[in-house]
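As a plain string of letters, each chain reads:
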Amino acid sequence: MIIRSIKLKNFKKHRSLELDFDEKLNLIGGPNESGKSTVAEAIHAALFFRHNGKTKELNEFQSLTSTDGPTVELKFEQGGVTYTLTKTFLKGSNCTLTSPGRNTLVGPAAEEELGKLLSTTAPMDSHSKAKGEWAHLWVWQGTAGNNPVDALCTQREKMIDQLQEKGLIVALSSKKDQEAASKFTTLIKNIYVNQGMKFKAGSAQANAEAKLEQSENRLVNIQETIKSIESKVKQFELDRTNLESVQRNLIEKTGEYEEIKKLLEQLAILEAKVTKETELLEKLTAEEKALKNKIAEITDIKEVIEILEEKANPSIKELETVYQEINDLKKDLVQRKELVQQLEKEFAKVRLQEKYLLTLSEIQNKTSDIGLSQEKLNKIKGIANAKKVLEMDLAGLLQIKQPQLDRWSEMEAHVTTKKSVLDAIATEVEILASNQSITIDGNLFTGKVQLTKESTLALNGQNLLKIVPGGGKSLEVATREYAEAVKALEDFQRVLGLTDKQKAIEIVFKREDLEKSIQEEKAKLGAMESEQAVEQLIETTQHALAGLAQQKNSLQENEPWLGELNGGDISKKLEEIIAKNSQIIFDLSNENEQIRKKEKTLEGKENLSNGKSSEIKIENDLIAEKRTRLTLLEEQAGDVDVLFSDLSRKISSQKEVFEEVQSGIISLDPENLRLREQRIRQVLGKNTEEEKTLNLSLALLKGELKQSGGQDFYQEEQSEYARQEQLKMRFEGLRTEAKAIQLLDQLFAKENEDLTNSYAQPFAEKIKHYLSYIFGPDLSVSVSSDDSGDFNGLEIYRGQYKDLGKMDFLRLSGGTKEQLAAAVRLAMAEVLAPAYGGYLPILFDDAFAYSDKDRLKVLPDMLYSAAQKGIQVILLSCTPQDYVNLGAHEISLSA
Amino acid sequence: MKATFIHTADWQIGKSFASVEDPESRSRLGAYRIQTIDRIARLCTDYQAAFVLVAGDLWDSITPTKQLVSQTLSAIGKIPVPVYVIPGNHDHGAIGTIWHQAYFQEEKDLLAPNLHVILDFLPVELEKAILLPCPLLRRHVNTDLTEWLRQGKEVYEGLSTKPRIVLAHGSVTSFGSESFKDEEELEYNATNTLDLSRLPGNELDYIALGDWHGTKEINAKSWYSGTPEPDRFPKGGGHDQGNVLLVTADRGSNPTVTPLKTGSVAWIRKEIHFAGEEDPIASFDYSMNELLGTRVGTDLLQLSMTGSLGLELFANLEKKLDTYSNRLLRLKLDNQVKVNPSLDELESLQSSAKDPLIARVATQLVSLIDQGGEKEAIAREALKQLYFTTKEL
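Just so you know, the protein sequences line up as chains R and Y, in that order. Numbering-wise (the working numbering), the first sequence opens with residue 7 and increments by one. Numbering-wise (the working numbering), the second sequence opens with residue 400 and increments by one.
Excised from the complex, chain Y in its bound form (with noise of 0.2 Å):
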């Protein structure tokens, strides 16, 4: 018997946006979250899901306000198909988090009646298939979460032949968890280790897995389906976020899995180089353009730039980034650009006959410059304030 359905994971419906300085920009990231939920829905009508499987981390913490709570049920409320949810890390099922929350429950009852919260390590028979659920129950679990399902053969005795579903979070032995150290996120847990190598692979058909934000086929059968709307910047390359994973499986082969895309934030990050281009400044506007278009408050962009510029065209830049922080949501910037007086700059600032002083100190910071080491950067400086600074007497 073949199933359809969707696979999706770390909703975080809740997450704070902690980095994102301006907190109308915060609201609208959170507000993008709620919203996906309804593009799955129509995805499910789409292409006829049975139902939606959610692989942990469908909350950011196992405290929501009870507004979001409220929408969030609303928008599962109109998916048309069962969904069923594990607990991951971030909203973990012990007594008192928000799945035994009476709030929680009767909302549920009223707004969502097809979610289904599974907290038992048992098996979970539905229609068309069976599913083998790994809940979170707590937020550091040492053991490893599907262990359970390698307890023996007795574990499958007697399970019809649905295709099997694993649904668990956390990280996967062969590959690294989803934990970075930066004002994103700080580390959050690492201890949630599933070791799917031990799994038996015959017993079982697809493993649903969440916790890594990016799109990622571990093996034929085994897939961490991202979050559906992105919530970080991209780390390295391939990492694709803003998916949910159609998939198609059957009792005894391999599923199909095609990726659907769901988000409507784009995390950008972009590199630029200053490399004594003829006009810096406009090359910069043209590769912006490029990447940003004219759109206005859903992007947000990590921004890490090198090279050189001379002290107005270093002036106009920084003219140029307060625009487009105003336009981004976010503007993470990482402004490495050296400040390098161009000729007619140095020419104006040493060779003033008039203004000696004022030429044999530029000589000086440039003599500075030139001899590198820590000096180096506060010479630049010195020299951008003086060129400033003197063309304002």
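The following block holds chain R by itself, in its conformation from the complex (with noise of 0.2 Å):
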């Protein structure tokens, strides 16, 4: 596009102006508000804004001079083709587009087909995007530093899409690319974890190398235990060895063993006969000895016996003594014993007799007793009645008594008190003569009469007089009281029964004096035993006596000669047999007295003759024993003498035959025998000892064994190498395969990396070129890109500097931002231009205000080269002499 001419009518300042531009460079000169940006701004309006819109922007338009709306008229060219646009903003808003040899397009219709000739990609009529697509090419003021970067990034696209179309760089990479990119990454993701440095749990490479230790393991524990049973199996084998040669030993032993036994079986025979013939010779000795004892003793028993019985004769004859003493107390004892019991038999008899009289004597008393009880019931008896006669006649009076009576006089003292009060009050009338029939108050009238109240006298029935008696008040209660007093006497008496006082006085006397009488009886009867009292006295005599006379029945029922003491005085009887009593106690007593004493006696000489008789009787047995024995050893000996010689020649033989076996066992040197016999049974029980301990080695290895016995364990691990070459096999190809996964993802990256740098390539070389007008030739540019290949950066290398680098577009001065921002712009603009037609407009609002001279003078340089590769420039300058040499198209505005 080439922008050819401008016309505003009533745009802001501007009332009406027209202006022509160079197809190549443009310099828009004047003073400040003399219009420049306005031009800017109105050539911008009528590309971008849509002439019917309401916006803000819009309004600032509005002509500071004219209500019409404010209107722009564009020529541009475009392909070839001249086109005139018109729009009028605000009121009377209106757009056409003409074009030679075409209709004139009018409203929307315009407006769609300007959408179309600015943007390549926007949808048409989006104004807003196809603003956004020429954004970079408006340099306004004051945005001249703006970072150029932004706009790369929105541009890039359509710019890789020209660079592509003139075949200046290779293809970014394709849909296709980063599918399988992203698909190596992900499969990468899978496997491995911590940068590739482990294969991430769940893996088939992390399953296989698991599987492929856990084989290894397996293999290892099978090999250790094969060793294992392998040594026990040896072990095993030892121990047979050993033990066989134990056995073999122990036979052996045992030969030489059985050996010795049997010599020592003859010692035996031979010890035995020695013992056997020294108990001969030994007996013998012993019986020769026994017959030289046999003789002594029969001479020592002699001896004895005749010593016995001389210290034994006197002794006897002390005994006999005494044996008659006791048969004289024995004989008086029997008499005296026999005299006891008649008196014993005496005595029960009085006893009977006594306890016969002492009941009757019983019975007499109680009889008695109950005589005298029923005399004093009778006269409580009569007491009692007499008592009660007069409390009946007591009964028979009224019930007044002294206080009654008190009271009674106390109440006719206030009546005659009440009467006095009231006489002293009331009138009294009082007929002095008359025979005529006086009535007060219809009552016939005599004598005196006291008025307590207005009453009318009448005359023979004919009403005479009204007398008003005086007092007042004190009358009135007078009356009251008086009435008062004799109704209260009167209710007394009516309660009483009696209106005669003087006999009520003579019953208050007669009742005194029969309460008197009633207690005088009372405390008779109270002085005496209660009548009940005495009646159960008599009973329980009566039942007392009932239990004498049995008894007296069963005494005389058992010994009917008792009968005889009935009768007659039984107290003198008693007497008589108490004494009789008495006399036979004392009788008994003494008797029994004299029986201990002799009994005492005889026991003292029973013991004497017991004493001596058990001494004699011991000597007397020592004798008979001594002689017994005497008898005995007389006649076991027998003949001594010829025993004697026959002994001793036994004796002499016996000694020969003992001596002869003695020298048959030295022969056989018992000592070392048994020395030799202790040996091997040592080595012997030795020998079975280690026979059993290897017997036991050899039944746990055994068991041991047995118990791996069904497991065949070399097989297993023939089983388990084959599963680990497998696992082994499978984890190779599985570990080839994540590398190959891991280097495909590596390699991706990396070639992304270098693809996107080298795709941006031809861009950077001509920001480089324009940049190198400022920065000079020694230089290189690259622009950098993020992974999805958006450019996120740019670095600038100058040959002489090392202060750009990686572009921090903030820390750049402010002439440089400027100048680098332009040349980006450029850059970008050639790039796009085939896009436009071959050519775009690139407007820059006083976009160098902080270039220093040097700089300024290499910036027409700058944008002369970008004019010719179909840039059309056009700079406003409030100081255009510093563009002098540009050799622009000067168009100059006064303020």
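The reader is advised that the hints may include incorrect statements.
Sample of chain R residues at the chain Y side, in silico, Cβ under 7 Å [claimed, not checked]: (1) Glu185; (2) Gly477; (3) Gln721; (4) Gln724; (5) Ser725; (6) Ala728; (7) Thr742; (8) Lys745; (9) Ala746; (10) Leu749; (11) Leu750; (12) Leu753; (13) Glu757; (14) Asn758; (15) Glu759.
Note that these hints are calculated values from the structure, not bench results. Here a beta-carbon is modelled for each residue, glycine too, at the ideal position from N, C-alpha and C.
Could you fit the two chains together into a complex? Lean on the hints.
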């Protein structure tokens, strides 16, 4: 697009302005406020603002002098066609687009067509998108130093298209490329963790590795088991060999032992024989000794018997005397005991008599007691009757007592008092002399009458006088109180049932007399036992009497002779019997004492006789024993001399036999034989022990081996080894696969980066071209991009400086910012121009305000170069003299 | 007197085939081993063998399951001639092992009365031969079990003129024992060594050896029969498994020995190299077809592959391998084939003007592959990932 001319009407400060533009370089000069920027705004508005818009920005275009809508007529050329675009905003808004040989388009149709011309990719009539696309071509006042990278990013796609179309760069990675790359990235993420250092848990590789490891461990375990089993088997075989040798040794030693045992048996026989012969010899010697002892014993016994007999004689005489004494005592005792028995019989009889008499006497006593009690009872009953009569008399009298009598008097006095008060106050009327019938208040009246109230006196039935008694209130009270007193007295009398006071007094006295008499009788009764008690006593005594009679009868029934005692003076008889009783008791105790004494004496004598007789018995027994022994010894001994010579002969022959056996034993060397036996026994014991230990060890080993017997460990080893080989192969395969995928992932990342770098390079060359006017040719520029190919930075290296590098735009100086941004925009415009018919306008509004003089000198060269490459440069400046050597079409605006 | 008999060993009944992952395949492999006994029975009839010698390792372990014991004894019972067996290192004859167990004894009496277990170092005189057994009574024996056969002339004094046959299990000093260290079989035991050179050759007519699983002639009189049913991938050439030996021995002369095929399972090793054939997958298919035909469930294949393939071809190869691994009892694979993008594939990755990033990454990967070193394999894998990932996008 080339802008050819512009006409403004009522557009801000411009009422009417017409400007033509050169297709390459244009410089619009003029002081501040001359409307330079307004021209830029007008071109921009015509191209990118919809005519019927209602935005604030459009309002700002309103003319200061006219109310008509601001109008812009823009002539531009695109693709060899010249278009005339006319837009009126706000009031009377309108839009037309004309071009030679075509129908004039109006309103929305015009806007639509304009949109198509402006935008290559934006949807039709989307002005805002187009505005965005073109934004980099408008360098507004004060925005020259903005970071151009943003613009770069938005235009990247379009630029790439342009560059690719020109064949300047290699294509960016395709969709398939990206899919492949991401597929490998996904795969590798599922295989590795920890930056490719470790297989991810759950991945085929990790699983295979784990299985392989398990298999390796299992194999090691199996091999260890085999080792252990083999060592056990070895031990088993060793133990068996040892056992065999031990058993061989045992057999050998057992043979030797058997031989020794035979010799030992011989020895045992000889030794037994020796013992036997020795015993025989000892027996003979003992016999000889016994014979000698017997002879001595006989002599001894004879002596002893003599001595004993001498000692025993006097004791026998003594004993005979004692025996006599004892016999005498025994006789006396028998007589005495008989007497005692007689006395005791008599005593029993007397006791019975006594008891019988006591019963009789008691019966007499009880009978008299009952008579006395009966008398007493009669007396008590008499008094009780008298008392009862008195009480009945008392009950027949009115219940008037002294207090009631006192009360009566009191009340009479009260009536008298009240009467006297009334008498004193009341009017007394007295008929002095009249036989006339006089009535007061209708009552016949005689004598005196006391009036206590208004009364009518009538004479002969004719009311004569009305009498009003004086005293007023007092009379009323007195009258009432008198009446009350009278009534109280009458009530009292009624209650007592008596009006005669004298009679009342008599009653009171009589009552008092009666009460006194009753008290007296009561006192008499109180002094005596109660009637009941006496009756009970009589009953008890009668009962006792019955018991006694029974007792008497029972005694008499058993001993009828007791009946003799009935009658007469019982107490005298009792006295006599008691005296007789005491006599018998005295005699009995006397006789018993005698018997006790005699018996004691007898006991002493008997003890003496026992002692003596046992003494004599011992001596006699001893003598008898000795005699018996003597007789026995003499019988046993027989002919002592013959026996003695016979024994001596036997002894000497036995000694010879003994010596012969003894020599046989010595020839066997028993000490040595026993030592050998002991030694062999030890060896045998040790061997047996060893055999036992070995057998035990073997049994244990056998058990252990049997335990693992069900499993064939060699086979398991084989099987595990085979499994391990397969697992190893599988793991190797998976590992190679993993490494291959890792390699692919790395290569894709690296190649993608390289590709991105290389495709942006042609564009970077263009930027470099423009920048080289400013920074000189010793320069390298590259455009960096992210993974998806989006530009994200510029890298600039200047030969003589080390200041720029990866661009941190904000840190550059104001001037450098402006120049760098301009270079980027020019490069972009150059790249993009072919999409707009080979040309694109670029507008700089006071865009180099911060550039120093040296830079300003070289800027025209940069702009000129751009103009040669299809860029229509429109430069707005308040210092147009700075660009004199630009050779631009100059337009001057005045304030 | 001549004696014709069958010499076999290393039946290893109950072998677990622990390295085979699929349990069904494992049990099938086990079952094949018992079926082989039937085949031996038929050979006895066919060749009029007088007896069968099993030179150790009849069982795979000293404690086979009761079920296996019954099944095996039943199969042995069907062999029409006596069977003489010594314990080997796998089924040594220590107290408590299978040979002494009551269950075995009872089942043997009932199902295989023709089976004779030899646990003593004493000559056993048969109708037509004299056996000189060297049974292994423990897993580890440090002495030479044939030692008793070189104790002097008195060992052989009084022996008749029947052919004398040594029965032994172990590695011979002149020949490496059966010991490998791979997942097929860990180093089992290399201590049971037999020094055949010191045996009095004139006194002996045949040495029936067990332990080495391939059929092997040590000298004219000494043979390893090998296992009658292959049980591992062959180690090197000439490792011929799956045979028994038909032996005719005579006193004082060399025996005649004829291997007879008995194996039914094929354990195959194959190496394939991809070196830019026009249609490498087709030629791979062709070789496999040649090797396996259309057999399913009878073969085990140890396949080592080298060379390089383009990305698409490599993916196709992987598909093919999946198919074969399903047909085989086991596919033991060592796939060293390098992924090498074809020019077209590279072109499609690198020259995509539309997708410059993918192109640039591809170029970087190719350059890494060219540089070689440890990153090469990773770069190849990455290129493969890139190719198939972008193909899907």
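Hints, one by one, checked against the model:
For Glu185(R), the suggested interface contact is upheld, since its CB lies about 5 Å from the closest CB of chain Y, less than 7 Å. Residue-level restraint check for Gly477(R) is violated (minimum Cβ-Cβ distance to chain Y is 155 Å; threshold 7 Å). Proximity of Gln721(R) to chain Y holds as hinted, the smallest CB-CB distance being about 5 Å (cut-off 7 Å). Checking Gln724(R) against chain Y: minimum C-beta separation of about 4 Å stays under 7 Å; hint holds.
Satisfaction of the interface hint for Ser725(R) is found here, the shortest Cβ-Cβ separation to chain Y being roughly 3 Å, below the 7 Å cut-off. With its C-beta approaching chain Y no nearer than about 3 Å, Ala728(R) sits inside the 7 Å limit, and its interface hint holds. Checking Thr742(R) against chain Y: minimum C-beta separation of about 5 Å stays under 7 Å; hint holds. With its C-beta approaching chain Y no nearer than about 5 Å, Lys745(R) sits inside the 7 Å limit, and its interface hint holds.
The beta carbon of Ala746(R) is positioned within 7 Å of a beta carbon in chain Y (closest approach about 4 Å), and the interface hint is therefore held. Checking Leu749(R) against chain Y: minimum C-beta separation of about 5 Å stays under 7 Å; hint holds. The beta carbon of Leu750(R) is positioned within 7 Å of a beta carbon in chain Y (closest approach about 5 Å), and the interface hint is therefore held. Because the smallest distance between the Cβ of Leu753(R) and any Cβ of chain Y comes to about 4 Å, under 7 Å, the interface hint for this residue holds.
About 4 Å separates the beta-carbon of Glu757(R) from the nearest beta-carbon of chain Y, less than 7 Å, and the hint is met. Against a cut-off of 7 Å between C-beta atoms, the interface hint on Asn758(R) holds, since the closest Cβ of chain Y lies about 6 Å away. The beta carbon of Glu759(R) is not positioned within 7 Å of any beta carbon in chain Y (closest approach about 10 Å), and the interface hint is therefore violated.
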